[in-house]
Structure formats: structure tokens, C-alpha cells
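Residue strings, one per chain:
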Amino acid sequence: MSQTAATSLETAERRRAIALAAPAFLWTLGFFVLPFAIMFVLSFWQRTDEGLVASWTLENYRTFFGETAYLEAALNSIEITLAVTFFSVLLAYPLAWIIAEELPARYRRLALAMAIIPFWTSYVVRSYAWTLLLAKRGVINTWLSDWGLPVLDLANSRIATVTGFTHFFTMLLVLTIYASLVQMPPNLKRAAADLGAGPFATFRHVILPLTMPGIAVGAFITFAICIGDYVTPQILGGGNDLALPQLIMLQVGRRADLPMAATLSIILMIFVTIAYLATARYMKVEGR
Amino acid sequence: MLKKVSVALAITTALWSNSAHSQELNALVWCDHTDDALIKPFEEKHGVTVNLKEYEGTGAALSLIEQSQPGDWDVLVIDGVDVPRAVSAGILGELPTDQLPYDSLFPELVMEENHVIDGKTYAISEKFGYNTVSFNKDKVSQEDLADMTKLWSGDFSGQLAVYDYYLPVMGMLAVGLGKETANLTMDDLPEIEEALLALKDSAASVGEVVASQTAIATGEVDILVGGGEWVTAGLTATNPELDWMIPDQGAVRWSQSIGVFADSKQPDLALEFVKHVLSPEGQAALATSSCYWAMPANSAAGDMLTDGQKTALRWDQQSEYLAKAQLYPAPDSELDAAMQDVWTRFLAR
Amino acid sequence: MKRFFVCGLYLLLLYGFIFLPVIVLVVFSFQAGRFPIPPFQGFSLKWHEAVLGDEDLMVALFNSLLVATVSSLVSLVLGFLAARAVSNGSLPFSKGIRGLITAPISVSYLVIGLGLLASLNLMGIGLSLWTVGIGHAVINTPLCFAICLSAMGERQITAERAARDLGAGEMSVMGLVTAPMILPALIAAFLLSMTFSWDEFIIAFLLSRFDVTLPVEIWSLLRSGLNPKTNAVGSLVFLLSAFVVLAAELITMRRK
Numbered sequence: 165m166s167q168t169a170a171t172s173l174e175t176a177e178r179r180r181a182i183a184l185a186a187p188a189f190l191w192t193l194g195f196f197v198l199p200f201a202i203m204f205v206l207s208f209w210q211r212t213d214e215g216l217v218a219s220w221t222l223e224n225y226r227t228f229f230g231e232t233a234y235l236e237a238a239l240n241s242i243e244i245t246l247a248v249t250f251f252s253v254l255l256a257y258p259l260a261w262i263i264a265e266e267l268p269a270r271y272r273r274l275a276l277a278m279a280i281i282p283f284w285t286s287y288v289v290r291s292y293a294w295t296l297l298l299a300k301r302g303v304i305n306t307w308l309s310d311w312g313l314p315v316l317d318l319a320n321s322r323i324a325t326v327t328g329f330t331h332f333f334t335m336l337l338v339l340t341i342y343a344s345l346v347q348m349p350p351n352l353k354r355a356a357a358d359l360g361a362g363p364f365a366t367f368r369h370v371i372l373p374l375t376m377p378g379i380a381v382g383a384f385i386t387f388a389i390c391i392g393d394y395v396t397p398q399i400l401g402g403g404n405d406l407a408l409p410q411l412i413m414l415q416v417g418r419r420a421d422l423p424m425a426a427t428l429s430i431i432l433m434i435f436v437t438i439a440y441l442a443t444a445r446y447m448k449v450e451g452r
Numbered sequence: 010m011l012k013k014v015s016v017a018l019a020i021t022t023a024l025w026s027n028s029a030h031s032q033e034l035n036a037l038v039w040c041d042h043t044d045d046a047l048i049k050p051f052e053e054k055h056g057v058t059v060n061l062k063e064y065e066g067t068g069a070a071l072s073l074i075e076q077s078q079p080g081d082w083d084v085l086v087i088d089g090v091d092v093p094r095a096v097s098a099g100i101l102g103e104l105p106t107d108q109l110p111y112d113s114l115f116p117e118l119v120m121e122e123n124h125v126i127d128g129k130t131y132a133i134s135e136k137f138g139y140n141t142v143s144f145n146k147d148k149v150s151q152e153d154l155a156d157m158t159k160l161w162s163g164d165f166s167g168q169l170a171v172y173d174y175y176l177p178v179m180g181m182l183a184v185g186l187g188k189e190t191a192n193l194t195m196d197d198l199p200e201i202e203e204a205l206l207a208l209k210d211s212a213a214s215v216g217e218v219v220a221s222q223t224a225i226a227t228g229e230v231d232i233l234v235g236g237g238e239w240v241t242a243g244l245t246a247t248n249p250e251l252d253w254m255i256p257d258q259g260a261v262r263w264s265q266s267i268g269v270f271a272d273s274k275q276p277d278l279a280l281e282f283v284k285h286v287l288s289p290e291g292q293a294a295l296a297t298s299s300c301y302w303a304m305p306a307n308s309a310a311g312d313m314l315t316d317g318q319k320t321a322l323r324w325d326q327q328s329e330y331l332a333k334a335q336l337y338p339a340p341d342s343e344l345d346a347a348m349q350d351v352w353t354r355f356l357a358r
Numbered sequence: 492m493k494r495f496f497v498c499g500l501y502l503l504l505l506y507g508f509i510f511l512p513v514i515v516l517v518v519f520s521f522q523a524g525r526f527p528i529p530p531f532q533g534f535s536l537k538w539h540e541a542v543l544g545d546e547d548l549m550v551a552l553f554n555s556l557l558v559a560t561v562s563s564l565v566s567l568v569l570g571f572l573a574a575r576a577v578s579n580g581s582l583p584f585s586k587g588i589r590g591l592i593t594a595p596i597s598v599s600y601l602v603i604g605l606g607l608l609a610s611l612n613l614m615g616i617g618l619s620l621w622t623v624g625i626g627h628a629v630i631n632t633p634l635c636f637a638i639c640l641s642a643m644g645e646r647q648i649t650a651e652r653a654a655r656d657l658g659a660g661e662m663s664v665m666g667l668v669t670a671p672m673i674l675p676a677l678i679a680a681f682l683l684s685m686t687f688s689w690d691e692f693i694i695a696f697l698l699s700r701f702d703v704t705l706p707v708e709i710w711s712l713l714r715s716g717l718n719p720k721t722n723a724v725g726s727l728v729f730l731l732s733a734f735v736v737l738a739a740e741l742i743t744m745r746r747k
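Residue numbers (this note's numbering), protein chains in the order written: chain X, 165 to 452; chain U, 10 to 358; chain E, 492 to 747.
Chain X with its partners taken away, still in its complex shape (with noise of 0.2 Å):
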């Protein structure tokens, strides 16, 4: 084959791979791309009786930091997505755990498969079986009368929430976590133990280590999709607890106020994008 010949089909092959990747590329640029920053100089603009006024003006930013309730809603968001990614992983690792290595093989898929099987539920309605079992006359409350004990407050509170998502994440995570235990080697167990590590050493230096990249991945995730949702804090929370979402949608619903919704929007996105910083140089194996 010639040297052009070569060339030739390369300069193919490159126009092929690039009329492929084309579509995707243009939607994601046109749905994706475009709303964002439409969006990002949305937040610089105002509203008014007359509607919305284009300007640049900081406007919309001074009233998020001037105002403490707004405040108060970003740091309940961020307070509440940190309780639920925290006790996702801690609840999720010993289970991703003793599926993969304590359960025997053939067990293995029925019991990861029971572990998403909620997720299957619909969304809006999970946040609401949640009500049900947490009211003041709900399930769990009537067990506990039942017994004799006294009744809890756990309906329309923090609490309420954050048990919501993290029943959500706690799947989420148990396979995120599971796919990086499966895919350690087992003979580096064996290699500490007969180094002479106790189990305990081995875990805190070999495994952990390893499965690290499946516990940041999984907590990133949580992180990103719990602080941007809806149903839950408004479901659940009851009024008490405002979440930046919920400001969010009182923009959106109540004052018709497109502009202001767009700045929390990408205040929000700034927290998304500072987990994901602090996330991201655990997402990969220490190559070592």
C-alpha cells in the first residue's frame, strides 16, 4: 500500500468518525450547551412588572447573598446532601460488602438485584410511602405505641428527608461500591494477610485504597443529583426545611421570576462543581 493510499484512508476513516459523533454532539451542543448558557445570562437579568429586562447587572447575586433565608436555604442543601451522602456510604459499603465476598456466588445477582429492586418504584411516589411510615399516626409510630414506647417526631423535619434520600442513595451507592469490589484482585487480600496485616490493617491499606474509586464515583452521584432535587424536601420536609430546589421552584411557580431561579440554578451548579473537584482525584486507582 502506498503512503497516500494510507493517508487516504485515514482522512476517511477521521470524516466517518467525525459524521458519527456529529449528531450526538450537535444535540448535546443545542439542548444542553445552549439552555446552560442562555441560562447563565438569564442570571443576569431582571424581572419586572413590564416582564423580563436584559441587563448586567448583579443584581439577582446581591439578593442571594444578602438575603439570609437564601442563604440559610443553600446551607440547609448543603448540610442535608452531606448528612445523606455520608450515610449512604456507611450503610451501603458493609452491604455491597458481604454481598460480594460473604455471600456465595450463586446468591450474589438475586441479592444485588433485591437491593435496587424500590428503585423500580416510581420516584414521586417513594417520597410518599416515606410519609406514610413516618407520620405522627403512621406506621413506625404505631409499632412503637404498640410496644409501649413513646412516639417520635420524624414526620416534616430534616430527619424525614435525609432518611428519604438516603433510602434512594443507599442503592445507588451499594452497586457503585459493589463494582469496584468485585474487581479487586483477591489475591492482594491474601498478599497482606501473609505480610502479616490483620484485618483490620488490611482493610484500612489495601482495600479501602482500592475501592476507593467506587465510594467517589457513587458519592459524587449522590451529592449531584440529592442537592438538586425537588420531591423529596418538599414531600418530606414539610414546610421546615427549606431546600435550595424548593427556592428554586418558588421562583419559578409563585413570582414568575425566570431570572432569579436561573441565578440559584447555577449557585447550585458552583456546589456541584466544588464536590466534584473535591471528589475527583479519588475517582481513580492510586497507580502505585
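Bear in mind the hints are in silico, worked out from the structure with no lab data behind them. Careful: at least some of the hints might be erroneous.
Computed cross-link-like contacts, DSS-like style, restricted to lysine-lysine with a CA-CA straight-line distance of at most 27 Å [unchecked claim]:
#: 1; chain 1: X; residue 1: Lys353; chain 2: E; residue 2: Lys586
#: 2; chain 1: E; residue 1: Lys586; chain 2: X; residue 2: Lys448
#: 3; chain 1: U; residue 1: Lys284; chain 2: U; residue 2: Lys129
#: 4; chain 1: U; residue 1: Lys319; chain 2: U; residue 2: Lys333
Just some of the chain U residues that point at chain X, by a computed CB distance under 10 Å [what the hints assert, rightly or not]:
#: 5; residue: Gln76
#: 6; residue: Ser77
#: 7; residue: Lys146
#: 8; residue: Tyr175
#: 9; residue: Thr227
The beta-carbon is built from N, C-alpha and C at its ideal position, and this holds for glycine as well.
Following the hints, position chains U and E against chain X.
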């Protein structure tokens, strides 16, 4: 293969625009207009499809209209106090008063100061009720609640829920503080906010219609601030312990009006719909809608309602109630924004 | 032995936590009384009947299936083509393009929905099931792309090259070689997209007008009063999803 795909696409497109009737009427409404009992008879009589879009709060409605093309909408249901706002924005068109049942309308609900501008009528009342106090008779007595200020005194800590809508609840608190809802200004807000935040400290939850209803019906709380017949009337059959009352200071009366869009492409059909909603049958269905119950504006609906329904609505005590209640506040945009800020602080507390 | 008990106990507790809401949801959908909370007042199917007889819910269910199918097909085609472009290594700026196509995964649905809403408003495009479908295809394209990409490898590139050397055109290579080779991944991507679109609320809520999807209809049901009908819808949706998952599982298992 390609043929199959195109056939499938054709079917999909056909199904996608699945309208049984050629003519469509687009109405921007509150949730109580979505029952089949109200809509179906009209659709069948005129052979049309009624498309309904629910909204919450006049601000949202105005922005929905702003975002639409002229002629998109035919019928609008709106807060009675906001009719002048909609008229000055050029949204509503004139109604022919001779075709509407003014003879049997409750006199208080004619509300000319809201509906008639420069001698032209733009909307008509269709339903009204009160934002006041709903309570559980087994737990709290009517006397305990006679003084509205008790609600935020801390006496009922953990026992009450608040309805999540800023206008009625803030209006109601203003009445409790001895103010007039029609004359609220920015200077009144600090006092209202103080009472509101004190109320929040006693509140177990703040929720929308269903959350509020649930909270009081399941015994989660004993008092619902901002409630009224629209919360409890529909529940009297299953929950006889639930009741509602107007405190000594008074309460807030809300009313909703219906009108036709100025740029509607089918004003005649839209008017027919308004007439249908105002007819005794339409009024009865609207009064007992699944979303919430409330008094119909047309007294002729009385013949269509059962005695039980009338008792739940307090049909016979309306004159006394109407006298005690003030209209919903109708703030200008500056006051409205300030009120919403106060409400956001209330939610975030 | 002790280890066995500790593990068993943990499994029991956690599966209890995971299943509790689902069980409560389903059990109280058979509540004979007015409210889906204790005490259980007897067994009744009336709420299930009410759901099946509710025309709005059935229309919404149909809308949901339609949006899910069409948007998932779009996502699958876009994702599959892009994955093929990236997999054979001759795409310029491959890393950047990969990053862009997968970017929507890390952005909350609320923000994506709001962005689209603002853009459509500015362009004067009305909301409909089509706009919901566009939103869902935006969130599902990265998913399909990632799943297809992970299924493509050396083996399939070699086979494609062989087919091309034998004179097959690009369309036949894709349709007769690539797609069949990664069929399980295509099915998985399609079904996963379906379930994501089917269950998605906030984008559908923001971008729909008169015709709504099932989650949006359930949301308005939730706002119109607490009653076991919501439980019944939830249970039926669960049943339907479980059926699809089971079917998918059987299809992929038989192919192995």
C-alpha cells in the same frame, strides 16, 4: 424495514395528537376545575375538548400568559382581587352581562369594584370561601380559638400546621392584628412578620393543600392556620371531628373569578364555558370538587346540593360569615415582592 | 459462626430498610378505609379499580410510555453512533467530545429542565410532550453513549474492518456487524433509558403543558388529597416496572 419504521412513526404521530374532537378550548384554571363532573358535560354538549392547565398564584398565571402566543388561551380563572391587574394588562375581554346569572348571584359576590372597569364587566365570581382556622373538635374547643392572636402565642406549640400560601395567611394574620387587608402597606409588614415567625415556632409543618389536609385529618396536628371549609368540608363524611370557624377578629375571604381572554380565537365557545361553570349544575360540581370544596357564587346551585353538602359548606350561615370576613389582600408588585420575601424567611426558619 | 450472624443480621436490617416503604405502599393500597395509614381496616380492591378507571391517569400512562419510547430511541441512536465514532480511535478531539456528551450526567435535572424552559420561552416555542421528550433525550444520551462505548472493543473493531474489506457499506457494517455484536448492551441501554424517562418528574413537570406524563399526573394526585389511590398507582407502576426488568433480565440471560 424502512417501511415498518415509517408506519410506526405515522401511528405514533397520530396517537400523539390524540384529540377526539377537532375543536379545543384552552383554559388556565385552579385545581378545582379539573373534575370530569364539571368538564365532561360541557365537552359532550358542545363536542369539543377542554384543555386545562392548573396554576398556583396569579404571578405564575401572568407569566404563563406572557410566555404564550396571543390566542393560545380562551378562559381564565383568577383571584377576584387580581382581576383589575389582569384587565390593565389587557388579558381579559368584556363579558356580556345579560347572558350571565346576576339575578341569583350572592350580592356580596357581584364585586363591581373588582369586576367592572370603566363601565365594562370583565369577569364574574364563581366560587368563594374563607382562609381561617380549621380544627379538631375533640382536641381544641371553639372558645380556645376565639382570639386569633392565641395561635402565635405559643399555647398550641406543635399542635398546628400552616397552609403554604403567603397571601391568605398573611392577610389573615393582618386581620388578627387589627389591620385592614385592603389598606396594607410596607409599614405593616414588620408586625406581620413578627407574628408569622412566632407562628412558625409553634408549627409542626407548613404544607400545600393536601399536606395540610392530611396533617389535620390524620391527627398529626389539631389546628390548621389558613384552613377553612375548603379543607374540612369534603372530609366531614369520614372525619366528623373536623370543623372550622372564624375567630373574633375575623378572617380572610377569597373568591375566584372567571373570564374570557381578550385575544381568544373562539370567544363564543369560551363564553359558553363561563355560562356552564356559572349554571346551577356547574356550580354544584365546582363547589364539591375533589380538589377542594367551597361555596358557589350562584345561589341557584343550592337546589342541586344535598342537605349534607350544604351543612358542610355552612350554606345558611353565609351572611354572618360574609360580614366577619375581609377580602384577600391585593398587593401592588412592590408589596407583593416584599410579602414573598417575608414568606421565604418564614419557610426557611 | 459469629461472622455469619453479624452479616445475616446486617442483611436483614438493611433489606428491611430498603423494602419497608415498598411494602407499606403496597399493603395500604388494599386499605378499605379512607386513609393509607394504620389501622388497616380490611382488604379492598376499590382503589386499584379507581386507578384503572381514571382516564387522566391512563392517558398519562400512555403519554409516559410514548415519551419514554421515542426519547430512548433517539438517545440510543445518538449514543450508539457517537460511541462508534469514539471507539475506533480516529476521532479528532476525542477526549473533549466524550466529555461534552457525558456532561449532562453530572447536572441536576432541575437545572437542565430550567435551562430548556428558559430557552424555549425565549425562542417562543410552546411546551408539549415533544419538549418533554427532548429533555429526556438530553439526560439519556450520555447514558446510552457510556453503555454502548463500554461494550465496544477490539473484537468488534476487527470484525467491522473485515466487513468493510469485504466491501460492506457503512450502513450495513453498523446494522449487520456492530449492532448485533453489542445487542445486549443496546437492549440494556434502551431499557434503562426507558425507566429513567418513565420515572422522571421535574423535567416533565417544567416542560409539559396540557398533556402530561405519569409522574406529573401522580404529583397532582398527591396534591389533591391523601388517599390510598396514590398507593394503588404506586403499586401498579411498581408491578409494571418489575415486569419490564424481569423481561430484560430473561432476554439478556438467554443470550449468554
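Structure-based check of all given hints:
Pair hint Lys353 of chain X plus Lys586 of chain E does not hold up; C-alpha atoms about 35 Å apart against a cutoff of 27 Å. Taken as a hint, the Lys586 of chain E and Lys448 of chain X pair is honoured in the structure, with Cα atoms around 17 Å apart against an allowance of 27 Å. Under the criterion of a C-alpha separation no larger than 27 Å, the hint pairing Lys284 of chain U with Lys129 of chain U is consistent with the structure, at around 18 Å. Between Lys319 of chain U and Lys333 of chain U the CA atoms are separated by roughly 20 Å; this keeps the pair inside 27 Å, and the hint holds.
Given hint, Gln76 of chain U at the interface with chain X, holds; its Cβ is 9 Å from that chain's nearest Cβ, closer than 10 Å. Below 10 Å, beta-carbon pairs count as interface contacts, and Ser77 of chain U has none with chain X, the closest being about 13 Å; its hint is therefore violated. For Lys146 of chain U, the interface hint is violated, the least distance from its beta-carbon to any beta-carbon of chain X being 18 Å, above 10 Å. Here the hint on Tyr175 of chain U is kept, as its CB sits about 8 Å from the closest CB of chain X, short of 10 Å.
Interface hint status for Thr227 of chain U: upheld, as the beta-carbon distance to the closest one in chain X is roughly 5 Å, under 10 Å.
Checked against the numbered hints given earlier, the structure breaks hints 1, 6 and 7 and satisfies all the rest.
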